[in-house]
Amino acid sequence: NAGVTQTPKFRILKIGQSMTLQCTQDMNHNYMYWYRQDPGMGLKLIYYSVGAGITDKGEVPNGYNVSRSTTEDFPLRLELAAPSQTSVYFCASSYQGFSTDTQYFGPGTRLTVL
Amino acid sequence: AQKITQTQPGMFVQEKEAVTLDCTYDTSDPSYGLFWYKQPSSGEMIFLIYQGSYDQQNATEGRYSLNFQKARKSANLVISASQLGDSAMYFCAMRGLNNAGNMLTFGGGTRLMVKP
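Here the protein sequences come in this chain order: W and B.
Position one of the first sequence corresponds to residue 1 (my numbering), numbered consecutively onward.
Position one of the second sequence corresponds to residue 115 (my numbering), numbered consecutively onward.
Because the hints were derived from the structure by calculation, they are not lab data.
As the structure is a prediction and not an experimental result, all values here were calculated from the model.
Just so you know, even glycine gets a beta-carbon here, dropped at the ideal spot from N, CA and C.
Accuracy of the hints is not assured; some may be wrong.
Said to hold, decoys possible - To give a feel for the contact side, a few chain W residues facing chain B, derived at Cβ under 8 Å:
hint, residue
1, Thr5
2, Gln6
3, Phe10
4, Met41
5, Gly42
6, Leu43
7, Leu45
8, Gly51
9, Gln85
10, Val88
11, Tyr95
12, Gly97
13, Thr102
14, Phe105
15, Pro107
To be verified - Here are the simulated DSS-like pairs of lysine-lysine, each with C-alpha atoms no more than 27 Å apart in a straight line:
hint, chain 1, residue 1, chain 2, residue 2
16, W, Lys57, B, Lys117
17, W, Lys44, B, Lys184
18, W, Lys44, B, Lys229
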């Protein structure tokens with residue numbers, strides 16, 4: 001009954017470092033998303049994928065990259081971390097992209113860049 | 115472009131009373147979905163309830179109901195018989211057809227605090 005899992009839960013990076021946030025879902029969902037949530041705010045879309053091998057930019061893609069080699073996994077890569085990337089990152093998935101499809105979220109990764 | 119507005123940054127409610135969290139939206143999509151999520155202090159996003167734009171009846175899920183008024187473009191969440199565990203941030207979100215991957219567009223959230 002795992003749903004959407006994310007690792008790590010917490011991470012502190014120094015400016016200029018890189019890291020990959022992992023996301024895995026076991027619901028055989030086609031659509032996967034990465035959102036970020038800044039303090040006191042709603043979520044904003046970074047990148048999304050409609051299936052293995054297909055990714056596209058969301059609202060705030062700068063400084064990030066993604067890949068989707070399998071249906072289950074959708075890692076988010078941060079290159080050259082900056083303080084502005086301090087945020088909570090959520091991975092989500094849905095079966096399809098219809099407006100009726102519920103997106104299910106992972107537990108989040110809290111990232112601090114110092 | 116889609117927009118979600120939640121005008122109540124914070125609200126208090128007495129335990130066992132009902133509370134309404136406001137949400138208004140704007141979209142040009144003919145078909146869309148409206149969602150409410152709960153975010154407790156532990157941080158996860160928990161799906162609560164969904165309303166489709168063509169649904170004739172208001173959605174209900176246990177103590178949660180959605181007061182959907184399409185003409186007014188509002189989708190308010192009603193929580194009946196509030197419990198201490200309902201204290202959390204609540205986000206209204208919309209999903210349409212014409213944006214990136216049919217992503218969710220979120221409001222700024224309402225912090226609900228239940229008083230014993």
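Taking the hints in turn, this is what the structure says about them:
For Thr5 of chain W, the interface hint is violated, since its Cβ never comes within 8 Å of a Cβ in chain B; the closest pair sits about 12 Å apart. Because the smallest distance between the Cβ of Gln6 of chain W and any Cβ of chain B comes to about 10 Å, over 8 Å, the interface hint for this residue is violated. Hint on Phe10 of chain W is violated. Least Cβ distance to chain B is approximately 10 Å, over the 8 Å limit. Annotation: Met41 of chain W was flagged as interfacial toward chain B, and the flag holds, the nearest CB pair being 6 Å apart, inside 8 Å.
Hint on Gly42 of chain W holds. Least Cβ distance to chain B is approximately 3 Å, under the 8 Å limit. Checking Leu43 of chain W against chain B: minimum C-beta separation of about 5 Å stays under 8 Å; hint holds. Interface hint at Leu45 of chain W: satisfied, since its Cβ lies 4 Å from the closest Cβ of chain B, which is below the 8 Å cut-off. At its closest, the beta carbon of Gly51 of chain W sits 11 Å from a beta carbon of chain B; the interface hint therefore is violated under the 8 Å criterion.
The restraint placing Gln85 of chain W at the interface with chain B is violated, with a minimum CB-CB distance near 17 Å, outside the 8 Å limit. The criterion of a C-beta within 8 Å of any C-beta in chain B is met by Val88 of chain W, whose closest approach is roughly 7 Å, and the hint holds. Of the supplied interface hints, the one on Tyr95 of chain W is violated, with its beta-carbon coming no nearer than about 12 Å to a beta-carbon of chain B, more than 8 Å. At a threshold of 8 Å, the smallest CB-CB gap from Gly97 of chain W to chain B is about 4 Å, leaving the interface hint in force.
At a threshold of 8 Å, the smallest CB-CB gap from Thr102 of chain W to chain B is about 6 Å, leaving the interface hint in force. The beta carbon of Phe105 of chain W is positioned within 8 Å of a beta carbon in chain B (closest approach about 4 Å), and the interface hint is therefore held. Satisfaction of the interface hint for Pro107 of chain W is found here, the shortest Cβ-Cβ separation to chain B being roughly 5 Å, below the 8 Å cut-off. Our distance criterion of 27 Å between C-alpha atoms is met by Lys57 of chain W and Lys117 of chain B, whose separation comes to about 19 Å.
Distance hint between Lys44 of chain W and Lys184 of chain B is fulfilled; the C-alpha atoms sit about 25 Å from each other, no more than 27 Å. Of the pairs offered as hints, the one joining Lys44 of chain W and Lys229 of chain B is violated, with about 31 Å between alpha carbons and a cut-off of 27 Å exceeded.
In this structure, the earlier hints numbered 1, 2, 3, 8, 9, 11, 18 are contradicted, and the remaining ones agree with it.
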